[in-house]
Amino acid sequence: MDVDRFLPLKAPVHLILLSLAEHDAHGYGLVQEVETRSNGRVSLETGPLYRHLKRLSDDGLVEDADPPPEDAGADRRRKYYRLTPLGRRVLTAETGRLAELVEAGRRLDLIGDGAGA
Amino acid sequence: MAGSAGRTASGSSEETPRVFLWLLRVYPPEFRRRFAVDMCGTFRARLARARGRGMVAVAGFWVRSVTHAILYGFAERIAAAPLAARPNDGAASRDGASGAVGWRERIGRFGRELRMGLRGLRRRPGLSVAAILALGLGIGLTATTFSIAWGTIFRGLPFERASELVHFERENVEEGLPLAVTPHDYRDWRERQTTFVDLGAYVEALAHLTDGSGSIRRMWGVFIDPQSFELLRVRPAAGRVFDADDAVPGAPDVILLAHSAWQNEFGADADIVGRTIELNGAPTTVIGVMPEGFGFPVAEQFWRPLRLDFGRGRRALRSRSLDLSLGPVPLGFGRARLRAA
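Protein chains in written order, with the numbering used here: chain B, 751 to 867; chain D, 62 to 402.
Careful: at least some of the hints might be erroneous.
Quick look at which bits of chain B chain D covers, simulated, 3 or more residues with Cβ under 8 Å [claimed, not checked]:
no.	stretch
1	775–786
2	790–803
Pairwise CB distance ranges (calculated) [as the list claims (entries may be wrong)]:
no.	chain 1	residue 1	chain 2	residue 2	range
3	D	245	B	845	40 to 48 Å
4	B	848	D	228	22 to 30 Å
5	B	752	D	281	53 to 61 Å
6	B	798	D	114	35 to 43 Å
7	B	852	D	94	40 to 48 Å
Keep in mind the hints are simulated off the structure, nothing from the lab.
Quick reminder that beta carbons are idealized off the backbone N, C-alpha and C, glycines included.
The following block holds chain B by itself, in its conformation from the complex (with noise of 0.2 Å):
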């Protein structure tokens, strides 16, 4: 499938699919990873991150997932949430169109403190 017709994405849906690369999650931990990996200039409200965790699965991009053993004595019926492989080459992409757009930054010495200097 091509991945590019899903790019670019959406920062709080990149921040998503960013925190579910690393291991998989609930909804509220999702809302903590994200306050976490964009340093609190991202807070997802619970109908907002749910609308994208619907869009993200019915595109395949996410699916669901078993909770992880230590958390047995969590409630058991919460959904938790896996990047599928899909999913993982759509962040790829996104990284890399990402990475060539600080890179044509840094080439014009737009990065860093001495930035526009």
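With chain B fixed as given, assemble chain D onto it according to the hints.
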């Protein structure tokens, strides 16, 4: 760090408020079947975190939750409507992750979906009533938020010299995340600070009251430091407030009742002080009734002595974890020395 945060914080284990369960009905059944349980878990965890940041944060949280449930719930219903009048644009372009659709088409599609949604509402009057009620609830919550802001920020708290009262909490400033205040932190702050007359702390509590007939009623209140009532400059309408002995772990269970709880739960019993009631299955002595209108911090029905157990593992209690089960997380307040006698 990120790896642990995603797995361990499963949120509060308390029940999901009925209002949120009702709001979930705005979403289409298929969406609820897939996500409702996890949404409830996330909602509970976020609500618990908002409670840790004070009542204004809780009010804001409710306003956002109601607004989002209405907006996104109806958006999902429109998206789940029959697609006959919708161009076959494929799932990815509906996603919003892709920016390939032009703005003219977006506006046109929005208009078509809006009309389709309105027709759907007319066809389903029950849903329309639910929408109107949800909007009314949202407006009501907004008005409540304004009332709280008006009462706390503009009009001031209903306490003597209220401008000297401050609320404090602990936060990771760099990440803007609330952190637990452990009993040891609180003790250290209280012993070492010189800015305030004294500090007080409270922890939200839920209690189940059993009467002679076997019926069980739920009451909301707080565990609170004995010195808090002196800090708030409030005296009981009957009986006494807590003293230091009441806060010693293992002391007999005692309770202070709000005026409203005294009237509603105990029929304004004139002999309530000294009476033993059954609270959470344990005999508990009523030592006083607070004056009418007093409900610190919000509208509590009872107060019980906060007993901080410093014998528990210091290392565990100093954990950064937000997990409430680690121990009490006091929400603190103090009275500044501005004009203290």
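To see whether the hints hold, each was checked on the structure:
Remark: the stretch 775–786 of chain B is confirmed as covered by chain D, as 11 of its residues place a Cβ nearer than 8 Å to a Cβ of that chain, reaching the required three. Check on the stretch 790–803 of chain B: 9 of its residues sit with their Cβ under 8 Å from a Cβ of chain D, so the three-residue criterion for coverage holds. Between residue 245(D) and residue 845(B) the beta carbon distance is about 43 Å. The supplied range of 40 to 48 Å therefore holds. Judged by the Cβ atoms, the range 22 to 30 Å given for residue 848(B) and residue 228(D) is violated: they are separated by roughly 42 Å.
Remark: the range hint 53 to 61 Å for residue 752(B) to residue 281(D) is upheld by a beta-carbon distance near 55 Å. A hinted range of 35 to 43 Å for the beta carbons of residue 798(B) and residue 114(D) is inconsistent with their spacing of about 20 Å. In this structure the supplied range 40 to 48 Å holds for residue 852(B) paired with residue 94(D), their Cβ-Cβ distance being about 42 Å.
In the structure shown, a violation is registered for the earlier hints numbered 4 and 6, in ascending order.
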